[in-house]
Amino acid sequence: MTFPHLFSRRQMLLFTLPATFLLLPARLAAAEAVDYARDVKPVLKAQCYSCHGAREQKGKLRVDTVTLMMSGGRSGASIVPGKSDDSLLLEKITHGPANKRMPPPPKAPLTDKQVTLLKAWIDQGAKAPDNEKPDDPRDHWAFQTPKRMPEPVVKNAMWPRNGIDRFILARLEKEGLTPSPEADRITLIRRLSLDLLGLPPSPKEVDDFLADQRADAYERLVDRLLSSSHYGERFARLWLDQARYADSNGYTIDSARSIWKYRDWVIDAINKDKPFDTFTIEQLAGDLLPGATMEQKIATGFHRNTQINEEGGIDREQFRVESVVDRVNTTGSVFLGLTVGCCQCHDHKFDPISTKEYYQLFAFLNSADEPLLEVPAPGQLEARAKVRAQIAELEKKLKVLDSTTDEAQIHWEENVSDVDRERLPEEIRNILAIARSGRSRKQEQTLKTAFRRIDQSRHVVAGLGDPYPYLALAHLQALAARGTLEIRIIELKAAEPKVVTTMVMQERKTPRLTTIHIQGDFTRKGDAVTPGTPSVLHALKVPRSAGLNRLDLAKWIVDPNNPLTPRVAMNRYWQHYFGTGLVETENDFGTQGTPPSHPELLDWLATEFIAQKWSMKAMHRLIVTSATYRQSSKHRADLLAVDARNRLLARQSRLRLDAEIVRDTALTSSGLLTPTIGGPSVFPPQPEGVYLFTQVRRDWKANTDADRYRRGMYTYFWRSAPHPGLTVFDAPDAATTCTRRNRSNTPLQALTLLNDQAYFEFAQALATRILKEAKDDNAERIQLAFRLCLARTPSEREERRLKELLAQQIAAFEEAPESEAQLFAPKISPKISPRQQAAWTMVARVLMNLDEFVTRE
Amino acid sequence: MDPSSSLLWQTRRHFFGQCTLGLGSLALTSLLKSDNALTAADARAINPMAPKAPHFAPRAKNVIFLFMAGGPSQLELFDHKPELLKYHGKPIPESFIKGKRFAFMDTFAKDPPKLLATRRKFARHGKCQTWVSDCLPHTAGIVDDIAIVRSMKTDVFNHGPAKVFVNTGSPQFGRPSMGGWVTYGIGSESKDLPGFVVLQSGGRGPRGGAANWASGFLPTAYQGVPFRTTGEPILNLSSPKGITSKRQRDVLDALRDLNAERLEDTGDPEIATRIASYEMAYKMQTSAPDLIDVSKESKQTLDLYGAAPGRVSFANNCLLARRLVERGVRFVQLYHTDWDHHGSGGDDLDGGLDGCCKATDQAAAALIKDLKQRGMLDDTLVVWGGEFGRTPMGEPREKIGRNHHIDAYTMWLAGGGIRPGISLGATDEFGFSSVEDQMHVHDLQATVLHLLGLDHLKLTYRFQGRDFRLTDVHGEVVHKLLV
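So the sequences go chain by chain: A and B. First residue of the first sequence? That's 1 in the numbering used here, and the numbers climb one at a time after it. First residue of the second sequence? That's 1 in the numbering used here, and the numbers climb one at a time after it.
No lab work stands behind these hints: they were computed from the structure. Note that the structure is predicted; figures quoted are calculated from it, not measured. One or more hints might be untrue.
Between beta-carbon pairs, the in silico distance windows are [as the list claims (entries may be wrong)]:
#: 1; chain 1: B; residue 1: VAL473; chain 2: A; residue 2: VAL542; range: 32 to 42 Å
#: 2; chain 1: A; residue 1: GLN506; chain 2: B; residue 2: VAL473; range: 29 to 39 Å
#: 3; chain 1: B; residue 1: ASP467; chain 2: A; residue 2: ASN561; range: 29 to 39 Å
#: 4; chain 1: B; residue 1: VAL473; chain 2: A; residue 2: ALA217; range: 49 to 59 Å
#: 5; chain 1: A; residue 1: PRO675; chain 2: B; residue 2: VAL473; range: 16 to 26 Å
#: 6; chain 1: A; residue 1: ASN162; chain 2: B; residue 2: ARG101; range: 57 to 67 Å
#: 7; chain 1: B; residue 1: GLU264; chain 2: A; residue 2: LYS775; range: 23 to 33 Å
#: 8; chain 1: B; residue 1: VAL473; chain 2: A; residue 2: LYS525; range: 14 to 24 Å
Positions of the beta carbon are idealized from the N, C-alpha and C atoms, including for glycine.
Between the sequences and the hints, there should be enough to build the whole structure, so can you do that?
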């Protein structure tokens, strides 16, 4: 073929490009001028800056200004104004096989349209704005102090209820959208109860709210809910996700641990509305506060929730270092919304944080010991001391007795006859053959135990007796007395009050030396570093520069000048109420994160948080009393085209309940809930066979008392095999910090709600409750069932459908032998037949499996 | 969920335009089939396991990973090292171990570790004349169908982190596992079974438990589902006592009607997904017990594997793996514990190793033969191996055993585009290091994905500001292994 010679290489390129590419330039070249700032720069920023920008310059090339592109890199200028065919940039992104083109995978190649625009821009002379400044990630929005903008003016001045609404509405009006109407009152009370307490409202609470005609009935409801102790549970569980709380050590052996006191501390702190700054300081450095209280020490359990590897043959230092790494990364995610973990091995590719700065943060967290703290109940220590004194007394007596036996033993050793010796086990004979001074401690112990045993069997006593009859006698008496004493000691030890322990941090007197780990490898030590904070953020204002510790770090985090922490915290609350944060990447506020949908609102909330003295309750109240929050969650056809993901919030979102709340809701509806707050974790029933897949089989004895019906957050959490009812509904695995839960929708969830023994019990209890509490009328019973499960009453069609099911089931059970109905209907009253009860259990199962049942509307 | 929402909306309108509620005629599956406008991506909005096109034409459709938990000793099984006989009992030259870290460093630190010759007899087998020891007579019989990699390399030497490393590409707990990545990438063909199934045999579950088949930051739908091989295969699979299939159906019919009503009312496509989930759950209630019931297999097949109905064994699990793959399940992982033969108690290279080999050798070979005779081996990739190998040096314990070793060990692969009858890689005279064609765990992962039509560089998930991959920032497809 000769025709390639007719074309230059770059012209040839055209043939390899898709047809659309050939069509577009004509249209563009005709008139439209390409705007660099609008059409080109954003593409380059997204596709190229990470390797050819401020943080990294592969091939010595930067493309973040036009000037830099013209001066080029190792291969020369990347653009030639007016001549796209001669521009290396264009060649690199279009030429060659797809996998060799820029940008490399996993980035997608530029679209035809992007290429066309880029080409046209070069051909039009590669015009740049005046004074274009090189990209500087330090200028990134999240690193700037939040600015409190005045609340925007809106056309529909009647709609907003507070500042939040003006920001939301202004944006909607700009897009030509209107907010949704307020949800009905029943939806609102169920939404609020589930969001603030994680429990559905009772029919009475619904009635009271419906009957409350006062203008501020809604706000009163909010205040009532915020003062409930269940509020602390709800938000504690969200915090525990971030704290990676669990009741076991993780990794392979996954032994039990005791740290529920920390969990209870979180509940209590939130209920007391401990300001977020204090809340943070106590968890990161409570032990370092002057005169630290027991509670402040318990709070440091936050960073003790790391896993512990108990596998044989490990290098302990390696796993200690890994837990510190986890603490640094968790601190970054939870409080700063930054992916500092990237810098463990190399300088951050995108954000202005260096490896050295990573290890400076590491240094703050590297100097703690990790002890257990005893948390005694009142009087417990005194009681224990008393018992221990008794034990000590008895042990003293033991010692006296032992000296008699020891003497006897020595005598025996020296005098044991050959005949007697022959009868001894080989191991003992071997030990006897070793001179007393040459025996190991273990051998001594073995001999001692053996002597006491043989002695009692009288074989050797004769041998022992002859020259010193009194010794043999004394010895036998000593042994008898010994037995009694030992039993007494065992009894006392069993009776000793067991003081609860919890895992805490405790700063060492001398800090550990921290060095950079080259490429994240702790065996490769680089330069030594001292504690310090990333320079892109606000300064650490401490009068001294030496001896910085965790407390300084904690105070730095909650410094009002910190641009990140208040934004990050507010964004997570927002996510709780609307499903997605204003910043969708709730754990990455860095340059790779998504920009906020409503930047002014985020800043307004952040500054408001500080103005409210970090009161978490005040902020929850602010959000849930907004008109934005109170909207209906119904999908709207008009929004689908423009805002399918509901980022503009012209409606509320329907959200599937969190794993624990699914359980709590079923417990509440059925009337079984044990509302006790706090205490050791509990063991509700779980299906058989969970531990067939773990290294260590656990003995899961389901509670049969009131603890069987505790809220989901108290279920004992084994990391290697968590309760399946939790995992199936996306409870986090507590391996690392979790700042946002998944919301999946799977057949395994269906199997759980349909068939799990626990949920079947709930359905039975609900059926019983309906039959007991409602009048003897099916319509009334269905009404009550609906109100218990969904707060609302059924539609006519819903009622009809359930009556149909009921009739069908009663008929079916009439045909079936009575015993079949009795199988799953515990008798409640002579008036109600097992058949009826069984049929109602079926109705209850339908209700407890409804999408609406597990959804916050 | 975004672009599909609008399509679902349209589909829903179309759908409800034709059906009347409350008639019990709502068949949601038809929602998936009836409308041409629904793409695979839209189907995913309803079912996260819906099949999805790979990046390029795949060689394998399914994977069966025979995970030999504990670290089988390659020096007793595959890696024939006559030099060890000569130097048996001599300390290993310091140049080998200088600067290396091992598990149980303290025992190694006391005395310079001594080389240990195997007591097993090696012979060449098959047309390819590959060395296999007498521990694995059945595997020796299939060497012409498999590719043996003698030069595996991993990074971590403790069981938990090392297992998680093979499964997730990172020694840190909490990342998505290979089966999770695969089903996230291409879904599963099975309509009534989970796409990623985990089976277990041996004395206990694998160290690390659920972390080995976790979905990590991927949507939780991509978690492996543990199947029990006796009793109830999936937790909560059976209806509660006294609930017949008919009664369960009655409940589901009413449930579906009420959910459909709510769907109409709120317009939330998530409810359509919920309806589909319940229908699939109902199907699973029949399909999963059918699956684990191997009694309908011919005697010949049962004998081939050494399987017996109702037993918990690796043999039964291998047979189940074939049955799962037959039903379109994408990724099946079998764990067999415990190959950790240090030399104490029963964990030694005599009886301990014999026990593991007896429990697994015949069935693993049978799986290959069975897949082959059914014409399924071409589409099914089988991987055999553990989290690491064992040292050429013995351990000073009561019985003979070896320590964990990460620099060189053996795995084998078969089917699904793997070149049969080859050996890849070689180790030095003591079997300490790979000296030829080293294959790192990340390379294995890249290769498995490649065979499924997935580019390991492109199969990413954005989390905490980074595009994560199964292979972290490493991994090369090992083309020498491919047909």
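May I ask which of the numbered hints given earlier this structure violates, with the numbers listed in increasing order? Hint 5 is the one this structure does not satisfy, whereas the remaining hints hold.
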